[in-house]
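A.B. asks: Sequence:
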Amino acid sequence: MFVERFVYCILCISFVVYMAKKCLEEKRPLSILLLGLMLIGLMVEIVTFVTNIYPNSFLFAYIFIVNILIGGAIFVLDFNHIDASKLFLERIGDHYAKNEEYEKAISCYQKLIDHGKETNKLYVKLGQNYNAIGDRRTAFDKFAKAIELDRNDYQSYYEIGIIFNELGKKNDAQIVLDNTLRIKPDYTPASELLAVVLCSQNKYDEAINVYKDAIKYDPDNYQLYYSLGIVRTELRDFDEAAKCYQQAIERKEDLYEAYYSLGQINLLKGELDKAEENFKKAAEDPDTAAKAYYQLAKTYMLDNDEIKAVSYIEYAMEIDPTYRYKAESEPLFAKIKEYLMGMHMVSEAQMKLEQEIDEKVKEKYEKEYQQIKINNDVKEEDIEFNFMDRYKDI
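In terms of my numbering, the sequence shown opens at residue 7 and continues consecutively.
Quick caveat, the hints were computed from the structure, so don't treat them as lab data. No residue lacks a Cβ here, since even glycine has one placed at the ideal position from N, Cα and C. Fair warning: there could be bad hints in the mix.
No farther apart than 27 Å at their CA atoms in a straight line, the calculated lysine-lysine pairs in the DSSO-like style are these [unchecked claim]:
id : residue 1 : residue 2
1  : 110       : 123
2  : 209       : 222
3  : 190       : 151
4  : 332       : 343
5  : 222       : 249
6  : 258       : 275
7  : 151       : 117
8  : 286       : 275
9  : 297       : 314
10 : 117       : 104
11 : 218       : 258
12 : 28        : 123
13 : 249       : 286
14 : 28        : 117
15 : 28        : 104
16 : 286       : 258
17 : 104       : 123
18 : 332       : 280
19 : 127       : 117
20 : 151       : 176
21 : 176       : 209
22 : 280       : 297
23 : 218       : 176
24 : 258       : 297
25 : 222       : 286
26 : 175       : 209
27 : 190       : 222
28 : 110       : 127
29 : 258       : 280
30 : 151       : 104
31 : 151       : 175
32 : 275       : 218
33 : 117       : 27
Label-pair restraints from in silico Cβ distances [claimed, not checked]:
id : residue 1 : residue 2 : range
34 : 335       : 241       : 27 to 33 Å
35 : 210       : 86        : 27 to 33 Å
36 : 157       : 81        : 32 to 38 Å
37 : 172       : 259       : 55 to 61 Å
38 : 139       : 224       : 30 to 36 Å
39 : 212       : 157       : 21 to 27 Å
40 : 86        : 192       : 29 to 35 Å
Whole structure, please, built from the sequences with the hints as guidance.
C.D. replies: What follows is the structure, encoded as structure tokens:
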């Protein structure tokens, strides 16, 4: 027991001496406060050791946490050249960024850089947070600095590509994103953005090659197949587009946009049964339901089933009333145009009736209100004053 307590006491003294040396070198308020707490623990440990009194559980816990645990942790961090205060400040910045308090996060990261911790990682985080508050110019500078510190920083190249794309500098975006994929060919976000940039310049064949390369690295990514299907559709290569949409659905069964796109191709090719099946599946999702119902109406019109066509137009209009006007101008719905216009007239008549009722109620309410004022012969401000006066003593 004596040996153990002696070793314990020596450890306490060692960590206090180390902390005192650290305080003299850095003169940080937090370090000085911690040194004071450690000195209290050391005095208790020395007194109890000399008098051969075992400290109670509270004092033992205090000495262990402050002198041994914290003191030892600081020594280990310093030995490995890790600045604890800077480490915590970066974590605080990460917390702010996660909670979308970007300016506070920027402040934390900038403090670290100002204290000499210039790392690629910090500049990337600064760039992302500046971009989040809309300061693209500063964000660009931070990402450029990050690349200067690490030429293989594909993340910063990608972020600069996003900025160039948002600013409409498509050629610059393409160059930067090509460089991103040169460093990291399997970085899917860069492939997706590069394909979008190429499509915006009508370079569809190049975009297709980008998607194909990305799929080699990420064959289970449904979004790549769906996006490739969109490009194929743009080129009117409907058979290949349909294959892409089907492959996307195989990887994500609830990809309702893909069902809708497949239905459109089926409708174009006259495959009415398949179109009906795919549009009904697309209608399961609220985001695609209205347009899916409208396409179902077209499908049934082509199948000479006018009753079903009308019912599905009604479904579409319940979600989005603008489909009424769209249907009225669609040549395919010429046979049911009178019915649609009749629905329109009924709808307008109902609205007018509701407005008239509202006006009647309002007029009656105003008359009654005016009558009350006349009968009472009291002004509104008097009513308010009397009310307050009545309860002033409560």
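A.B. asks: Which numbered hints does this structure break?
C.D. replies: Checked against the structure, the hints that fail are numbers 15, 25, 35, 37, while the rest are satisfied.
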